[in-house]
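Student: Below are the chains, spelled out letter by letter.
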Amino acid sequence: MSVAVVTIEIDNPRPVYYPGDTLAGCYRLPADAPPEVERLEVSVLWRTQGKGEEDIGVHFFEKLAPQEPLDAREVRRFSTRLPASPLSYDGLIVKILWCVRVRASLRGGQEMVGETPFQLGDVPRPQEVTATSR
Amino acid sequence: MAKSENMKPGCAVAFCALAFLAGCGFLVLFLSQLILPEWRANNSFVENTCVVLDKRIIEEAGEDGPAYRPEFLIRHTVNGLDHEVWAYDVGHRSSSNRQRKEKILQQFVVGKQYPCWCDPDDPGRVVLVRGYSWLMYLFVLIPLAFIILGGAGMRYNWVRRGKSPEQLASCGEPEGTQIANLYPYVPDINLERHPGSTLAFRLPLGSSPGCALLGIVFFTLFWNGITSIFVFFAIASHLHGEPQWFLNCFIMPFVLIGLVLILGVFRELLLMIGTRPATVEISSHPLTPGETCRLHVAQHGLLRLSGCRVLVVCEEVAKFTEGDSSRTDKKRTHEVELLRQDEPHAYQDEYQIPAGAMHSFKASNNEVQWKVLVLGKAAGWLKIAWEFPFVVRPPTAPRKIR
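First to last, the sequence lines map onto chains C and F. The first sequence runs 5 to 138 under the numbering used here. The second sequence runs 113 to 514 under the numbering used here.
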């Protein structure tokens, strides 16, 4: 079971990021988050959307496995240099979406997930072409 | 996030363990009930002589109707002691074919002496025939499949337990799709070892005709191999005077598909012998959006190509499951026809990748493919479609130009 309550903020957000740019920001758990956080993970990843089964690729991954209860109000930072590919793509049946995702796993299997999308590159949306060779 | 809720790794481990244990159980059962007794009868049983005192057909009720097996009352002597037992083979195998069992019955005459083989540990356990039921051994593949799939599933899910999708994805990188992590998920087609004779590089064929032939031959053998078992039983039913019409009707479409596959094998063979794939050469590779390159296409082979077309296309490819089957859908986002001509010949032209085009992309289930297509008809009726994939990198990609 997932509840999206984690807050993620990207520093100086821009409509488009390019390969090699640094993506940095911070995230925090809600003030009323239960203290039993087993794992806290932040990822910068892409995933596909569309007709095909979902593919996922993680560019940046950081995991905190606290020994003591986490301070839910603590603001944690992340920073990564964006890769050359794959670029964000809004295709016909294949879409590539980039996002920052934070996942907090609680004891008992409950999870809190937050996700903030961003765009890598500026590939325009393609038009469908009728195949003349099928 | 995911399209479908997958089974949790913990449950999946338990499910796979169940399949693994079931496979082990059936394998042990199979070994103890069939393989081991047959092996012992063939290797450990001691030869003796016996007298046939009586014979009969045993009828057993089965799910598919009655089943029959022959039995003989024999007397044999071990260490001075007479033993009288009903016996025939070690497995007590029965079948629905009563006629065949009666023929076996006729092979042994009451009152005559025959060789027999008895268990040295249990003289009451004796057989009149030995040998192996090789066809039955094929069924060992079923528990083996459960063991292999269950074991692999257990290992796979055990590794996944307690890990988030992001952690799992960060562990494994797709094979062969990254060049020193500079262009993740952009496929690598290294053309350094494929120099062209006219231009810098020769593009490799997407799938070689030999592979296509091998694939269809393998599938044809597999399909017709399985179908032939049922055809064998259908023919046998006619020969024994008990035609099974339902079986005949049931296997008809499978036989027809098998025949179409055989025709397909001949088609591929004819294509491979009669034609040689066109060669496509390119002046620079990999390309980037907005870049112009030269393409050289030449045709070879014994059969003349008619209606020849050369296209550069970009396609989105999505793999998905629908019900129990895997499907692939393709959508074309770019297509440029460079040539449409009847006479086979060599051809060279310039081509520019559109400035805003998407780069090549390859993940497990989704792809963006760039390729040169050479289409035509050999001997006027054999349709040919050769694909020559190439790579388009993101705009910042450094490239090799000759």
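These aren't lab readings, by the way, just hints derived from the structure by calculation. Any given hint could turn out to be false.
Claimed, not checked - Mimicking DSS-like on lysine-lysine, the simulated pairs with C-alpha atoms at most 25 Å apart in a straight line are:
| no. | chain 1 | residue 1 | chain 2 | residue 2 |
| --- | --- | --- | --- | --- |
| 1 | F | LYS495 | C | LYS99 |
| 2 | C | LYS99 | F | LYS483 |
| 3 | F | LYS495 | F | LYS442 |
| 4 | F | LYS275 | C | LYS67 |
| 5 | C | LYS99 | F | LYS442 |
| 6 | C | LYS99 | F | LYS443 |
| 7 | C | LYS67 | F | LYS213 |
Student: Could you run down the list of hints and mark each one as holding or not?
Tutor: So, going through the hints one by one against the coordinates:
no.: 1; hint: LYS495/F x LYS99/C; in the structure: 33 Å, violated
no.: 2; hint: LYS99/C x LYS483/F; in the structure: 20 Å, holds
no.: 3; hint: LYS495/F x LYS442/F; in the structure: 20 Å, holds
no.: 4; hint: LYS275/F x LYS67/C; in the structure: 11 Å, holds
no.: 5; hint: LYS99/C x LYS442/F; in the structure: 13 Å, holds
no.: 6; hint: LYS99/C x LYS443/F; in the structure: 12 Å, holds
no.: 7; hint: LYS67/C x LYS213/F; in the structure: 71 Å, violated
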